[in-house]
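Using the sequences and the accompanying hints, generate a full structural model.
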Amino acid sequence: AYGWHVIADVDGHSVAAVDAAIVAAQADDRPSLICCKTVIGRGAPTMEGSEKVHGAALGDKEIAAVRQSLGWTSAPFEIPAEIYASWDAKAAGAAREDAWKKTFDEYSRHFPREAAELTRRMAGKLPSDFDAAADAFIAHCIDKQETIASRKASQNTITALAHVLPEFLGGSADLTGSNLTNWKESIPVRADCPGNYINYGVREFGMSAAMNGIALHRGYRPFGGTFLTFSDYSRNAIRMAALMKACTLFVFTHDSIGLGEDGPTHQSVEHISSLRLIPNLDNWRPCDTTETAVAWKEALKRVDGPSTLIFSRQNLQFQQRTPLQVDAIARGAYVLHDPADAKAKAILIATGSEVQLAMQAAKALAVRGVPVRVVSMPSTDVFDRQDSAYHMTVLPRGLPRVAIEAGVTDYWRKYVGLDGAVIGIDRFGESAPADELFKYFGFTVDHVVAAVEGILV
Numbered sequence: 001a002y003g004w005h006v007i008a009d010v011d012g013h014s015v016a017a018v019d020a021a022i023v024a025a026q027a028d029d030r031p032s033l034i035c036c037k038t039v040i041g042r043g044a045p046t047m048e049g050s051e052k053v054h055g056a057a058l059g060d061k062e063i064a065a066v067r068q069s070l071g072w073t074s075a076p077f078e079i080p081a082e083i084y085a086s087w088d089a090k091a092a093g094a095a096r097e098d099a100w101k102k103t104f105d106e107y108s109r110h111f112p113r114e115a116a117e118l119t120r121r122m123a124g125k126l127p128s129d130f131d132a133a134a135d136a137f138i139a140h141c142i143d144k145q146e147t148i149a150s151r152k153a154s155q156n157t158i159t160a161l162a163h164v165l166p167e168f169l170g171g172s173a174d175l176t177g178s179n180l181t182n183w184k185e186s187i188p189v190r191a192d193c194p195g196n197y198i199n200y201g202v203r204e205f206g207m208s209a210a211m212n213g214i215a216l217h218r219g220y221r222p223f224g225g226t227f228l229t230f231s232d233y234s235r236n237a238i239r240m241a242a243l244m245k246a247c248t249l250f251v252f253t254h255d256s257i258g259l260g261e262d263g264p265t266h267q268s269v270e271h272i273s274s275l276r277l278i279p280n281l282d283n284w285r286p287c288d289t290t291e292t293a294v295a296w297k298e299a300l301k302r303v304d305g306p307s308t309l310i311f312s313r314q315n316l317q318f319q320q321r322t323p324l325q326v327d328a329i330a331r332g333a334y335v336l337h338d339p340a341d342a343k344a345k346a347i348l349i350a351t352g353s354e355v356q357l358a359m360q361a362a363k364a365l366a367v368r369g370v371p372v373r374v375v376s377m378p379s380t381d382v383f384d385r386q387d388s389a390y391h392m393t394v395l396p397r398g399l400p401r402v403a404i405e406a407g408v409t410d411y412w413r414k415y416v417g418l419d420g421a422v423i424g425i426d427r428f429g430e431s432a433p434a435d436e437l438f439k440y441f442g443f444t445v446d447h448v449v450a451a452v453e454g455i456l457v
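Residue numbers for the sequence shown follow this note's numbering, so the first one is 1 and each next one is one higher.
FYI, nobody ran anything at the bench for these hints, they're computed from the structure. Be aware that one or more of the hints could be misleading.
Said to hold, decoys possible - In the BS3-like style, the derived pairs of lysine-lysine whose C-alpha atoms are separated by at most 25 Å in a straight line are:
#	residue 1	residue 2
1	439	363
2	245	184
3	184	144
4	144	125
5	184	301
6	52	37
7	343	245
8	345	245
9	125	101
10	125	37
11	245	152
12	102	125
13	363	345
14	152	184
15	101	90
16	345	125
17	144	363
18	102	90
Every value quoted in this text rests on a predicted model; they were computed, and no experiment measured them.
Encoded structure:
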């Protein structure tokens, strides 16, 4: 039904049958699915067809019986020369590689510009003008000072960077209108039309796995979107991207109770923290347009692994920064606010939509004679990789800390300690307008003020 070339009922124990199926697949322009029929434990006289051979060793007695049934006389780990020669692909591979190089050298002489572009893209290098374009858009965000949803800020960034990234290959798991992963010049890929945007359908895992393959092949920079809660369906592909160091970009929107009336089935609570637990995965949850643009820039510059870009449905207030603060966003966390005329008595740490709450609470605390520092931490993963000296400049010892994030609280204990406080959500959400939910779950200035005063007692 999807246009695949399906080769069914192949005897998986027959070399000739499998070889014939492969030859047939290679002769067809469509993607092929070869369906082999096999018997588990084939050749084991007493265990063939049994689940016992799945997760346990056969044992010496059964191995001896298998050898006899297969007529195998070679010693353990010994590969007969004629079999090794049939499987040794080094010489043939070297010959094909040499032929390819000669072909490409000839192509390069006739089409030097195109060859240079292909070489750049296959090497995973960004265009020479990428940094300038990204920095110009960051400056544009600072000048415009928009209060918009970070998912919209993401779309604006995609639109700006697409002009210098011909390798951009976007997509969404049937949520383009919500994820905002498309851009004005994006062209949907069709069977009869090449493009740069894939409508993956409602198949988050398939999308994520396909993007991994595209990223590993190189030549394109794939990114695809879905709701953050649906990252659960992509989990294995995300983990494999991190394991394989594939530079895949996973875009997750509607990141918290801020999505509102869809309720707890769609409201992410544990997802951000669980993604942070995956080794070699960088996670970004920006608080406004500027942090969003920087997050995209840093994720695209990464060459040794995947990144998630986590965005809100609701509008987020633009935050004012100095040039030094803008530069520090790329380090994962930075001081967004320090008291002007007093020494801070505590630190508020926040991410994403909760940064604006931290800033509002800092003003209220200042009125009450409690000056505090506000740290925006868009990427805990990137911040954790910074040197200890930088850690100390952002989170100096001796200052009590309160972390604020609309998700589970346990993850933040490594930053605030057992004596600090975490304002979060350790239960599933509810169905209501976003503003009402934030109040219901304690994301209010009064609650933050009380938490700070509580740890200072």
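Non-conforming hints, listed in increasing numerical order: Of the numbered hints, 2, 4, 7, 8, 10, 11 and 16 do not hold.
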